[in-house]
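Starting from the given sequences, assemble the full structure and let the hints guide the process.
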Amino acid sequence: MTDTIFMVFAVMSIASAIAVVTWRNPVHCVLALIASFAGVAGLFYLLSAPFIAVMQIIIYAGAIIVLFLFVIMLLNLKKNEMGGDAPVQDRLFTVFLCVITVIILSIPVVATFTGTFYDQYKKTFPKPDANLGITETIGQEIFSAHALAFELISILIIAALIGAIYLAKKRQRG
Amino acid sequence: MQINWQLVIDIAKAVIVFFGILTCIPILVYAERKICAYIQDRRGPNRVGPLGLLQPVADAIKSFFKEDYTPSHVDKVLFTLAPAMAFIAPALVFAVIPFGHLMEIKGYKILPQVFDMNIGILFVLMIASLGGYGLILGGWSSNNKYSLLGGLRASAQMLSYEIAMGLAVISIIMTAGSTRMADIVGVQTQGLWGTCIPAWNIITQPIAFIVFLCTAFAETNRLPFDLAEGDSELIGGYHTEYSSMKFAMFFMGEYLAVLTMSALIVTLFLGGWYFPGITEVGNTSLLNGILSIFVFGTKVGMLVFFFIWTRWTLPRFRYDQLMKLGWKILLPLALFNIILTAILGLR
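Protein sequence lines correspond, in order, to chains W and F.
Going by our numbering, the first sequence opens with residue 1, and the numbers climb by one from there.
Going by our numbering, the second sequence opens with residue 1001, and the numbers climb by one from there.
Note that these hints are calculated values from the structure, not bench results.
Please note: incorrect hints may appear among the correct ones.
[What the hints assert, rightly or not] Chain W side only, calculated, beta carbon under 7 Å to chain F, not exhaustive:
#1 Pro50
#2 Gly62
#3 Leu69
[Said to hold, decoys possible] Derived pair list, reagent style DSSO-like, types lysine-lysine, alpha-carbon separation capped at 30 Å:
#4 Lys1062/F x Lys1145/F
#5 Lys170/W x Lys1324/F
#6 Lys170/W x Lys1145/F
#7 Lys1328/F x Lys169/W
[Claimed, not checked] What follows is a set of in silico ranges between Cβ atoms, one per label pair, in the way DEER data are often shown:
#8 Pro1276/F x Phe143/W: 31 to 41 Å
#9 Lys1324/F x Phe143/W: 25 to 35 Å
#10 Leu67/W x Ala1342/F: 22 to 32 Å
#11 Thr1310/F x Phe143/W: 35 to 45 Å
#12 Trp1005/F x Leu47/W: 25 to 35 Å
#13 Pro1276/F x Pro108/W: 53 to 63 Å
#14 Tyr1038/F x Met1/W: 46 to 56 Å
#15 Gly1282/F x Glu136/W: 22 to 32 Å
#16 Gly1049/F x Thr4/W: 47 to 57 Å
Built from N, CA and C at the ideal position, the CB exists for glycine as well.
This is the structure in structure tokens:
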């Protein structure tokens, strides 16, 4: 049962991720991106991490994609404004990058199926706690064990926020 | 064959709740038309059936038999998908709202809540964050300037008010110490300072209540925040090009959103199914369960009346006023409230 649900979510996230990069209409691409995020959120839920699953939807599918849509709708590009196909050397370079990415990403998959990596993994990592994914545990972990990392991320976000406000502000000419 | 009665009960609950809230929509439509008529010193619908009670039925039949017109050059898939999204999102929220006390009949536990989720309130925020897509996509796919403007306004408004709403909910989570809806209601069933005044969050968290109420109006796209529709400026906004049943889906979605928002406010701030002296905590008899559902329904009804009352009393905000209220007043207020809750340890 779990395997079937996993396959549904996995196929959903991968198929819609492919749609994001191949479809030509930006609004359709953004919708495919939502479907992809929803698939990933489903995978998180299957991994008994409901908090991260819900956050995935609230932050990415809910807030960030709405911003994407807002910008796309504001520009409202016509077909001829979207630009034609890229030059050949760019496309070749893209193919090269894709191949390298696929090779790197498939190493753990292959290693899992051949067994050695999986055995190693089972030896070194303890079985994850069932309560690890729930909200209370995540909150306690963030504010005790990972407090420093949390504060550093906060500072980074505040810096980004101030930078964005500065860029958006009208320049005063003097 | 052994029948799993608990599973049957669960499925029956989902079906009953879904059709229950669907049945509430015509009642809401009738209530809105009648109340607005009395506010404007009119009589409202009074021709179809006794007291005009069959008016919603007549409206529904009219919607079904109207021509379902699709304008040229629209994005057909999204044009059809948008009304469905606007309708499904508010219906999903009802899945996690506890609308009564646990009942025990012949050993079977019946909890009046479709799915008692551990992260219930976060699930609500998740669906609320997806709720705007119906309006945004409807506006974009219609191939109409007014619709596009409506969709743009909807996206900016949803995004701005969602943040303040989420922050108001965080202070409620802090008060309850849990993200489960049942726990949030449970904490409100205790007496306040040892008296019989219930510790409803409206008393312990007045600032969060005001912020949440304002954002609820914005998220449901109701006056004074119905900028995405804005019929005096944008004809009909996002649903300008819609007709027949597709329009009716948007229309029903709006009333469903009002219903779920009212149910949500009741659960988060008004003690849910609890009322001192009428319902008891821990009493699993059938009578107590039915009374608790009745109490919940009454509270929701009063809030729905408040929604309608506000719509026909207040004028529409200007767009810059809307953004100013969201970002410069509600957001800092909600943040301040979180700090206040943390300092005072309000429980």
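For each hint, the structure was consulted:
Here the hint on Pro50/W is kept, as its CB sits about 5 Å from the closest CB of chain F, short of 7 Å. The closest approach between the C-beta of Gly62/W and any C-beta of chain F is roughly 3 Å, which is under the 7 Å cut-off, so the hint is satisfied. For Leu69/W, the interface hint holds, since its Cβ comes within 7 Å of a Cβ in chain F; the closest pair sits about 6 Å apart. This hinted pair checks out: Lys1062/F and Lys1145/F have alpha carbons roughly 28 Å apart, not beyond 30 Å.
Under the criterion of a C-alpha separation no larger than 30 Å, the hint pairing Lys170/W with Lys1324/F is consistent with the structure, at around 18 Å. For the hint pairing Lys170/W with Lys1145/F, the CA-to-CA distance comes to about 28 Å; that is within 30 Å, so the pair holds. Straight-line distance between C-alpha atoms of Lys1328/F and Lys169/W comes to about 17 Å, which keeps the hinted pair within the 30 Å bound. Evaluation of the 31 to 41 Å hint for Pro1276/F and Phe143/W yields a pass: the beta carbon distance comes to about 36 Å.
Here the CB-CB span from Lys1324/F to Phe143/W is close to 34 Å, well matched to the stated 25 to 35 Å. Distance hint for Leu67/W and Ala1342/F: a CB-CB separation of about 29 Å, consistent with the stated range 22 to 32 Å. A hinted range of 35 to 45 Å for the beta carbons of Thr1310/F and Phe143/W is consistent with their spacing of about 39 Å. Restraint check, Trp1005/F to Leu47/W: a C-beta distance of roughly 31 Å satisfies the suggested window 25 to 35 Å.
At about 58 Å, the CB distance of Pro1276/F to Pro108/W agrees with the hint of 53 to 63 Å. Range check, Tyr1038/F to Met1/W: about 55 Å between beta-carbon atoms, so the 46 to 56 Å window is met. The given range of 22 to 32 Å is respected by Gly1282/F and Glu136/W, whose C-beta atoms sit roughly 24 Å from each other. The given range of 47 to 57 Å is respected by Gly1049/F and Thr4/W, whose C-beta atoms sit roughly 50 Å from each other.
Violated hints are absent here; each numbered hint is respected by the structure.
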